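Chemist: Okay, here's what each chain looks like letter by letter:
Number of protein chains: 2
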Amino acid sequence: MNTQTPQGEVRQILEMNAFKPGDTKAEAVERRLANLGAASVLFYRQPIEMVAAQGAWMIARDGTRYLDFYNNVPSVGHSHPRVVEAVATQIGKLNTNTRYIVAIVDEYLEALKSHLPAALSNVVMTCSGSEANDLAIRVARAATGGTGIIVTETAYHGNTALVTETSPSALKRGSLPDHVIAVPPPSAGHFGNDIAGGFRASIEAAIAEFGRRGIRPAALLADSIFSSDGIFADPAGFLRPAVEAMRAAGGLFIADEVQPGFARTGEAFWGFARHGVTPDLVTMGKPMGNGFPMAGMAAKPEHLASFCTDVGYFNTFGGNPVAAAAGLAVLDVIREQGLQQNALETGRLLLDGLRDIAASEPRVAEVRGAGLFIGVDLAEEETGRPDADLTVRVIDAMRDQGVLIGAAGRYGATLKVRPPLCLNQAEAEQFLSAFRAAIRS
Amino acid sequence: MNTQTPQGEVRQILEMNAFKPGDTKAEAVERRLANLGAASVLFYRQPIEMVAAQGAWMIARDGTRYLDFYNNVPSVGHSHPRVVEAVATQIGKLNTNTRYIVAIVDEYLEALKSHLPAALSNVVMTCSGSEANDLAIRVARAATGGTGIIVTETAYHGNTALVTETSPSALKRGSLPDHVIAVPPPSAGHFGNDIAGGFRASIEAAIAEFGRRGIRPAALLADSIFSSDGIFADPAGFLRPAVEAMRAAGGLFIADEVQPGFARTGEAFWGFARHGVTPDLVTMGKPMGNGFPMAGMAAKPEHLASFCTDVGYFNTFGGNPVAAAAGLAVLDVIREQGLQQNALETGRLLLDGLRDIAASEPRVAEVRGAGLFIGVDLAEEETGRPDADLTVRVIDAMRDQGVLIGAAGRYGATLKVRPPLCLNQAEAEQFLSAFRAAIRS
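Sequence order for the protein chains is A and B. When we follow full-length UniProt numbering, the leftmost residue of the first sequence carries the number 1, and every step to the right adds one. When we follow full-length UniProt numbering, the leftmost residue of the second sequence carries the number 1, and every step to the right adds one.
Think of the hints as simulated: they come from the structure by calculation, not from any bench. Only a predicted model underlies this, so the values are computations on that prediction, with no experimental measurement involved. A few of these clues could be false.
For identical chains, the list gives no copy identity; a pair is met inside one copy or between any two copies.
Only pairs whose alpha carbons sit at most 20 angstroms apart, straight line, appear in this in silico EDC-like list of lysine to aspartate or glutamate [as the list claims (entries may be wrong)]:
id	residue 1	residue 2
1	K20	E366
2	K113	E366
3	K20	E382
4	K172	E429
5	K113	E336
6	K113	E30
7	K20	E267
8	K113	D332
9	K20	E107
10	K300	E380
11	K172	E27
12	K300	D352
13	K93	E49
14	K20	E302
15	K20	D396
16	K113	E267
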């Protein structure tokens, strides 16, 4: 049972693929550091100043156009005109809270619910995925009477006090509290050919460990694409036995869809749906408003009610009509422009292209993913060991070729391939060329 | 030492001045309840459906125009054209995160910092006041090595797990954890003529109680207008001895400016400034973007750095360029339209008018406040006891006369007079007439 603090996405971003004191400081960087201080998380040793963005592209002050394979918030495309128009129109008309009835809010909630399992008929709107996960953990605790939470070892679920406790990748020192146990992610590296069975066994071991600690389990909290663990998607279905094990012990399954949700994985609208499971709680965020700050948690009415007997919950900005307008536009664009299908097809093109490269490049150790969420493991040629230094060099070389990309995984040696859902074939091929050149250079 | 769970703002809103099962249900209300479930917090027994809002006014579906004396988010006025234009322009150009440099973000941070004490030179942008307070508590703990938090007995600081622990008014049952102690608010009701001395003594008693519990204090966390406690503003300066007592015990002072900040109290831009204290941490939210979801925490660089050695902190939506544009527009409008001065002058007009009414209406027990944040205690005529039932009847009668208003305070018997900062004299007089009629009816 791994309860240590592992290396993780945030750690890598903060400490590896990032600006560090001592790097060349342009005036704009000095200014930023003076404003944000130690909480500054600028990317790249020479950070980029951005001035505009459209579709899959971001434009820097020096005129460089970057193909965005990193940012998963502007999921239907940067500055999408439908979202822009929806926000501009609604914010000029009415922006208030859920203490009043506003038709567009319920229109949005119903549109969103049409994508969700019918049992999860209550949606609490929040501002961030962190708030959604913070709430979901408390709902799970109120509903089960337990407190124990199982997460994966490099998980990231957000930035509140409670959610940071369940985010091993956010810890720089110290260890997880007793009521949080981190298990290995569902990878072939850990479980060989029986990922589903191995993952279930590690959940059962964590439950047994909770038993020894005198703690009742409350929930398995998992990002169903295991983004910061390094992206683990296959075989579809591997989540089901783990969820069954958790339920057998009286706990719930919280699907953190902040990363895989909203059509990114191509085969389904949600990451959990690929695995044939119905979560007890679903949290969502990032791409939900294509950049308008909004997030939410879907729950069964009885679970939400059991939480609400203990405390009142109100979220001032959550469920405001402007967020509803942005969210509706996002759902409309995904449907009308067939972005789920595009994620599937363009994702397959990327997967095939990356596997072609892997076939001739021994340092590309493995390529895996679903839809437009792909992980590429980079390794030392001789030993096959994860190679974080190579990953940093590739990220920098990609930037020099006009492609934005980041890393994930316990060793920071997995490239996170995560373009907007509107990516076209030419852009996918441009990425593949840039990656081929970067890995060879 | 009061460590019980008192009645509070949220409790009142949820259980008193709100839609309840069994009330007449229109179709729109049924729809909302089906969507939000137990987390629904609709106002009024017959909730209002809103369709538009402008300046100090909200417009319902049936055409009724309501003068908004409740909502403190659209502080420079509902649908303010400057904010609308700023958001519409920036969201069409670039909406990204703080991993890149974007000039407008630093422009905003510098404009905001020009209003803050110079020592608090780092600002972490978040999505909500809850996230800001959640972070501030952790920063205070990291900086002091303590864990104890002192709050007032009907305080509300937000909705995350950690912040709910410090919000006695959000608890429906159960009690505060050992590391949170609630003290009486700085009111004449508790401390007679020596509010400053009495409040300091209760902070010292809480510190002593922490000592008996073996807990080191981390912070006094206070909304400097004591909004949900019932609005306590005078005498200006009463916070200083309490803050000194906390600092003498090694703790910090977190000024929660989510309610009083951004010029509302008239005499100063922040509530704490009226009291002549410089906080160690300042949190802000609600009116910051006039409804665009944004919030933040200002800290001394060394305090933020001590927190960031333990965990990484990144907020996906926090500090996005659209929030910066909205925030800049808010600061511009406050300055250009002289809204702080207007809060002072129109606030005085309201205070005088309400005191006139109080002079002839024994059920109006006390009127107090600063700028456009005024509390009006309603009481039984014979006994002088706080009268929550009367307060509900007045709130309903005001609604019938086209004025939105809410309640606060331990007994839910304090009207919370909190109009937008752009309120003009005619609107103030309209409110006074409506209140006079409501209290007499």
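Chemist: Hint numbers the structure violates, sorted upward?
Modeler: 1, 2, 3, 4, 7, 9, 10, 11 and 12
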